[in-house]
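**Q** Using the sequences and the hints, build the whole thing.
Taking our numbering, I'd label the letters of the sequence shown as residues 25 to 280.
Since the hints were made in silico from the structure, they are not lab data.
Note that the coordinates shown come from a computational prediction; the quantities given were computed from them, not determined experimentally.
Every residue gets a Cβ at the ideal spot worked out from N, C-alpha and C, and that includes glycine.
Some clues are possibly wrong.
Quick list of simulated restraints, FRET-style, between CB atoms [said to hold, decoys possible]:
no., residue 1, residue 2, range
1, Lys-247, Ala-208, 32 to 40 angstroms
2, Gly-117, Asp-85, 23 to 31 angstroms
3, Glu-128, Ala-208, 34 to 42 angstroms
4, Glu-234, Asp-56, 30 to 38 angstroms
Here are the simulated DMTMM-like cross-link-like pairs (lysine to aspartate or glutamate), alpha carbons at most 20 angstroms apart as the crow flies [said to hold, decoys possible]:
no., residue 1, residue 2
5, Lys-247, Glu-234
6, Lys-209, Asp-173
7, Lys-132, Asp-82
8, Lys-235, Asp-173
9, Lys-247, Asp-261
10, Lys-209, Asp-102
11, Lys-239, Asp-173
12, Lys-132, Asp-85
13, Lys-209, Glu-147
14, Lys-247, Asp-85
15, Lys-247, Glu-230
16, Lys-209, Glu-153
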Amino acid sequence: MFANMFGLQHKTAVITGGNGYLGGAAARAMADFGANVVVADLNVRQYDSERMLAIACDVSDTGSIRRMLQEAAAAFGDIHILVNCATYGAGYGPLGTVERMSDEDWHKGLDGAVGTVFRCTREAVPYLEAAGGGSIVNFASMYGIVSPDPSIYGDSGANNPANYGAGKAAVLQLTRYCAAHLAAKRIRVNSVTPGPFPNPHTQQNEPFLEKLGRKTMLGRPGKAEEIAGAVVFLASDASSYMTGSNIVVDGGWTAW
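**A** See below:
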């Protein structure tokens, strides 16, 4: 009964931003657990696995999202899982402070954080409903729960502007809203909240990594593969009685 509860065999998953640092780890994990995985990303690469298909997609463009989903369904049939990982931002750097950020950057950053999730969810719902139901997993952020600590960022350039955190907080609320309103269609909607998962470029900055590590209970930043288990869990039948929930994977950052 329990041997295959995490299995994703005979399921098709679409993951936006699936060529990114965290999205790539989640995509590979879902394929390893048996899913057909559509990697929807601006940057397209070829995969050795027959279960992984790259399709170009611009999540700022509804038409591009629609074309990607049509191509995914043509390739694999029903779509059962959507993972909303893609994001884009604006307002980073010295002009991104609250007192200096432009209206244009404010709106673009919000759209990059939560507008992407809204558009992809809206367009995917008919596919998941046609498949008899499914699972949506949204990527939020610890900065949708707590504020960045300005003292650890200094001149690293890694500080997050206010529109990012505000948008990721909105992802958490959109997750709850969609969970309530899509349950009748047998579509579960949950979110995963990563903590400090610095990308490979940031990993070269050892003093900054040490500061990040000291903010966590486990004493270190996360590795990309450490987010994948939560995504597979929420996508699979192992979480069949969960909807509207959020799993925090942050090394304890937000718990103290």
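**Q** Decide, hint by hint, whether the structure agrees.
**A** Each hint tested on the structure:
1. In this structure, Lys-247 and Ala-208 meet the distance hint of 32 to 40 angstroms, their C-beta atoms being roughly 38 angstroms apart.
2. Against the hinted window of 23 to 31 angstroms, the Cβ-Cβ separation of Gly-117 and Asp-85 comes to about 25 angstroms, which satisfies the hint.
3. A beta carbon spacing of about 38 angstroms between Glu-128 and Ala-208 agrees with the range 34 to 42 angstroms that was offered as a hint.
4. Judged by the Cβ atoms, the range 30 to 38 angstroms given for Glu-234 and Asp-56 holds: they are separated by roughly 32 angstroms.
5. Our distance criterion of 20 angstroms between C-alpha atoms is met by Lys-247 and Glu-234, whose separation comes to about 14 angstroms.
6. About 41 angstroms separates the Cα atoms of Lys-209 and Asp-173, which puts this hinted pair outside 20 angstroms; it is violated.
7. Between Lys-132 and Asp-82 the alpha-carbon distance is near 14 angstroms, which keeps this suggested pair within the 20 angstroms criterion.
8. For the hint pairing Lys-235 with Asp-173, the CA-to-CA distance comes to about 11 angstroms; that is within 20 angstroms, so the pair holds.
9. For the hint linking Lys-247 to Asp-261, the alpha-carbon distance of about 25 angstroms lies beyond 20 angstroms, and the restraint is violated.
10. Taking the CA atoms of Lys-209 and Asp-102, the gap is about 15 angstroms. The hint holds against a cut of 20 angstroms.
11. A C-alpha spacing of about 9 angstroms is found between Lys-239 and Asp-173, which places the hinted pair at or below 20 angstroms, so the restraint holds.
12. With a C-alpha separation of about 13 angstroms, the suggested pairing of Lys-132 with Asp-85 holds against the 20 angstroms cut-off.
13. Taking the CA atoms of Lys-209 and Glu-147, the gap is near 14 angstroms; set against the 20 angstroms cutoff, the hint holds.
14. Between Lys-247 and Asp-85 the CA atoms are separated by roughly 31 angstroms; this puts the pair beyond 20 angstroms, and the hint is violated.
15. The hinted pair formed by Lys-247 and Glu-230 meets the criterion: a straight-line CA distance of about 15 angstroms does not exceed 20 angstroms.
16. Distance restraint check for Lys-209 and Glu-153: the Cα-Cα separation of roughly 6 angstroms lies within the 20 angstroms cut-off, and the hinted pair is therefore satisfied.
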